[in-house]
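*Asks:* Sequence:
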Amino acid sequence: MSLDICPRVLLGGTLIDGTGAPPIKDSVVVIENEYIKAVGKRSDIPVPDGAEVYNLEGMTVLPGLIDSHCHFLNMGVSRMKNLQLGNTDSLDEALSRVKDKVKNSESGEWVIGRGWDESKWPENRYIKKADLDPISPDNPVMLVRVCGHMVSINSEALELAGITSETEPPDGGSIDKDENGEPMGVLRDCRRLVTDVIPPTSEEEMIRGLESASDLALSLGCTGVNDAGLGPKEIRAYQDALQEGSLKVRAYLMIREEAPQGAVKLGLKTGFGDPMLRIGPIKLMMDGSLGARTAALFEPYEDDPDTSGLLLMEPERLKELVYNGHVNGIQTATHAIGDLAIEHAIDAIDDSLRRSPRKNHRHRIEHCEILSSQQIERIARLGIVPDMQPNFPGEWSGDDSMYRQRLGETRDRMNNPYRAMLDEGIPVAFGSDGMPFDPIYGIWGAVDHPIRENAIDFVEAVKCYTYNAAYASFQEDYVGSIEPGKLADIAVFEKELDELPREEIKEACCYMTLVNGKILFHRKA
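The opening position of the sequence shown corresponds to residue 0 in numbering that gives the first Met the number 0, with each subsequent residue numbered one higher.
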């Protein structure tokens, strides 16, 4: 427990408390040690004698933002080690960066990049080995698309991974091949074929990555994350990072690989841990992404009628895995983007609840993008928590967008229907999936949704990124809103965000971030 003696007071800002209540102008938030002591209007809440007072007039006070779906550890490591391609404006620019990286690498050293997005380029096509081979003859190269569900690799990487014309992809994945059956250097939802031969990240690198990611999060007003898909090594790195002070935000860990079986054998349930670090759900994968054309749809893709996407496991297998988590007290989080994959995810949860009824299970569907009205009704009835990424429609929906190319107008209008879901009483949680990692950008995506009937207002979007995100991880009793008795996780933003034109919200800057009542980020003038 903190030994601070004098209270801290956040004075004069516009308070949006995360509960969905209207903004409070000229507010007061009193913090004692790590807890919120009092909240209200300046006229109603006295400032304690001797308090440390921060004048926040003209600013906005929010609960600490919680990213309910990101790849936090990997993001931190990537920021330190990998080539960043997310802000490239063309294929040529991306290849130029790869070429420069190769020149500065030792022969045989892996060159790994991530974040490229062909939908932002005039060429509007994927990277292939034919693009990479001329600039990287002696270095294996792997470039991860922004969605994480597709990688582009060169011939050197294909050889090291043992991928040939005879290689069969694992269940659910696919390897793009030319008319002669030769791999073209594009792998969809099967990058493990390559990553298994890349030298592993050390635990020390993971810890340093968590420190880097924590500092970035705090600078954006983010005080908590749900890290989507971790094995034993990553879970251990999180524990060590917390112990040495490198992990500075709350983390709720989605477990994969052999970790779920180990948790069941040890009798561990979702929620094991402490308020800073807790075991979360089992992460399951049902489909891929719209960008890679691997999200599983009922009908074919508009711009590639030969495919309807990929199911990454058989529906009966998904039912088995969801039920195993359900009966052992472990929440499940199933990645499902396309309407077909979502249908199977709903069916699996419905099956578990029929076989073993349980209230407050909070089983999740991650992304949950292309939805019918019937699916929305089932999600509400079954108590499913959709974990959604409002930055996605902000990036890729609307006229002349990638979603419009993939889906056509009718299905594009079905994407991320926040208005209809909130109207059904569904506790939609918001995360970023790191595309980009920036909660306020996601809030803008929900408020300025290109499909206007799917948009929600600023206060509602804040609740999705705070209270609902806490609810999705069973943490709403102590974080997620600014209320007396809760831990003082708070983000202060410059300007009165509720009064900004919606298109300006994404440019908002974080001024101050507190975790457990301590100021861990403060932007100086």
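In case anyone wonders, no lab produced these hints; they're calculated from the structure. Incorrect hints may have been included.
[What the hints assert, rightly or not] DEER-style ranges, computed between Cβ atoms:
id: 1; residue 1: D25; residue 2: P198; range: 55 to 65 Å
id: 2; residue 1: G39; residue 2: P299; range: 33 to 43 Å
id: 3; residue 1: G244; residue 2: N179; range: 28 to 38 Å
id: 4; residue 1: A379; residue 2: G407; range: 18 to 28 Å
id: 5; residue 1: T166; residue 2: V326; range: 53 to 63 Å
id: 6; residue 1: D302; residue 2: E257; range: 51 to 61 Å
[What the hints assert, rightly or not] In silico DSBU-like pairs for lysine-lysine, Cα to Cα no more than 35 Å straight-line:
id: 7; residue 1: K119; residue 2: K100
id: 8; residue 1: K100; residue 2: K358
id: 9; residue 1: K119; residue 2: K494
id: 10; residue 1: K494; residue 2: K100
id: 11; residue 1: K80; residue 2: K176
id: 12; residue 1: K80; residue 2: K40
id: 13; residue 1: K80; residue 2: K358
id: 14; residue 1: K24; residue 2: K318
id: 15; residue 1: K358; residue 2: K36
id: 16; residue 1: K98; residue 2: K517
id: 17; residue 1: K517; residue 2: K494
id: 18; residue 1: K36; residue 2: K232
id: 19; residue 1: K24; residue 2: K268
id: 20; residue 1: K98; residue 2: K119
id: 21; residue 1: K232; residue 2: K100
id: 22; residue 1: K176; residue 2: K318
id: 23; residue 1: K232; residue 2: K98
id: 24; residue 1: K100; residue 2: K36
id: 25; residue 1: K232; residue 2: K80
id: 26; residue 1: K505; residue 2: K517
id: 27; residue 1: K517; residue 2: K24
id: 28; residue 1: K36; residue 2: K318
id: 29; residue 1: K98; residue 2: K127
id: 30; residue 1: K24; residue 2: K40
id: 31; residue 1: K98; residue 2: K505
id: 32; residue 1: K127; residue 2: K523
id: 33; residue 1: K98; residue 2: K80
id: 34; residue 1: K494; residue 2: K40
id: 35; residue 1: K505; residue 2: K119
Using N, Cα and C, we set each Cβ at its ideal position, and we do this for glycine too.
*Asks:* All the hints need checking, so say for each whether the structure fits it.
*Replies:* Taking the hints in turn, this is what the structure says about them:
For the pair D25 and P198, the beta carbons lie near 56 Å from each other, so the given range of 55 to 65 Å is met. Judged by the Cβ atoms, the range 33 to 43 Å given for G39 and P299 is violated: they are separated by roughly 56 Å. Our hint of 28 to 38 Å for G244 and N179 is violated, since their Cβ atoms are close to 55 Å apart. Between A379 and G407 the Cβ separation comes to about 27 Å, which falls inside the hinted range of 18 to 28 Å.
The hinted window of 53 to 63 Å between T166 and V326 is violated, with their beta carbons roughly 38 Å apart. Taking 51 to 61 Å as the suggested C-beta distance range, the pair D302 and E257 does not conform, at roughly 39 Å. For a cut-off of 35 Å, the pair hint linking K119 to K100 stands: about 22 Å separates their Cα positions. A distance of roughly 53 Å separates the Cα atoms of K100 and K358; the hinted pair therefore is violated under the 35 Å criterion.
Our distance criterion of 35 Å between C-alpha atoms is met by K119 and K494, whose separation comes to about 30 Å. This hinted pair does not check out: K494 and K100 have alpha carbons roughly 40 Å apart, beyond 35 Å. With a C-alpha separation of about 30 Å, the suggested pair K80 and K176 falls inside the 35 Å cut-off, and the hint holds. As the CA atoms of K80 and K40 are separated by approximately 47 Å, the hinted pair breaks the 35 Å bound.
Among the hinted pairs, K80 with K358 is inconsistent with the structure: their alpha-carbon atoms are about 44 Å apart, more than 35 Å. With a C-alpha separation of about 49 Å, the suggested pair K24 and K318 falls outside the 35 Å cut-off, and the hint is violated. A threshold of 35 Å between alpha carbons decides the hint, and for K358 with K36 the separation of about 32 Å falls inside it, so the pair holds. Note on K98 and K517: the hinted pairing is violated, with a Cα-Cα distance of about 44 Å set against a maximum of 35 Å.
This hinted pair checks out: K517 and K494 have alpha carbons roughly 22 Å apart, not beyond 35 Å. Of the pairs offered as hints, the one joining K36 and K232 is violated, with about 39 Å between alpha carbons and a cut-off of 35 Å exceeded. Between K24 and K268, the direct Cα distance comes to roughly 42 Å. Violation of the 35 Å bound is thereby established for this hinted pair. Our distance criterion of 35 Å between C-alpha atoms is met by K98 and K119, whose separation comes to about 20 Å.
In summary, the hint linking K232 to K100 is supported, as the alpha carbons are separated by about 28 Å, within the 35 Å threshold. Of the supplied pair hints, the one linking K176 and K318 holds, its CA atoms being roughly 32 Å apart against a limit of 35 Å. The straight-line distance between the Cα atoms of K232 and K98 is roughly 32 Å, inside the 35 Å bound, and the hint therefore holds. Restraint check: the Cα-Cα separation between K100 and K36 comes to about 52 Å, which exceeds 35 Å; the hinted pair is violated.
Pair hint K232 plus K80 holds up; C-alpha atoms about 18 Å apart against a cutoff of 35 Å. Restraint check for K505 and K517: the C-alpha separation of about 26 Å stays at or below 35 Å, so the hint holds. With a C-alpha separation of about 24 Å, the suggested pair K517 and K24 falls inside the 35 Å cut-off, and the hint holds. Distance check on the hinted pair: K36 and K318 sit about 45 Å apart at the alpha-carbon level, beyond 35 Å; violated.
Between K98 and K127, the direct Cα distance comes to roughly 15 Å. Compliance with the 35 Å bound is thereby established for this hinted pair. Using a Cα cut-off of 35 Å, the hinted pair K24 and K40 holds, with the two alpha carbons roughly 7 Å apart. Distance check on the hinted pair: K98 and K505 sit about 33 Å apart at the alpha-carbon level, within 35 Å; holds. This hinted pair does not check out: K127 and K523 have alpha carbons roughly 45 Å apart, beyond 35 Å.
Straight-line distance between C-alpha atoms of K98 and K80 comes to about 16 Å, which keeps the hinted pair within the 35 Å bound. With a C-alpha separation of about 18 Å, the suggested pair K494 and K40 falls inside the 35 Å cut-off, and the hint holds. With a C-alpha separation of about 19 Å, the suggested pair K505 and K119 falls inside the 35 Å cut-off, and the hint holds.
When the structure is compared with the earlier hints, violations turn up for hints 2, 3, 5, 6, 8, 10, 12, 13, 14, 16, 18, 19, 24, 28, 32 and for no others.
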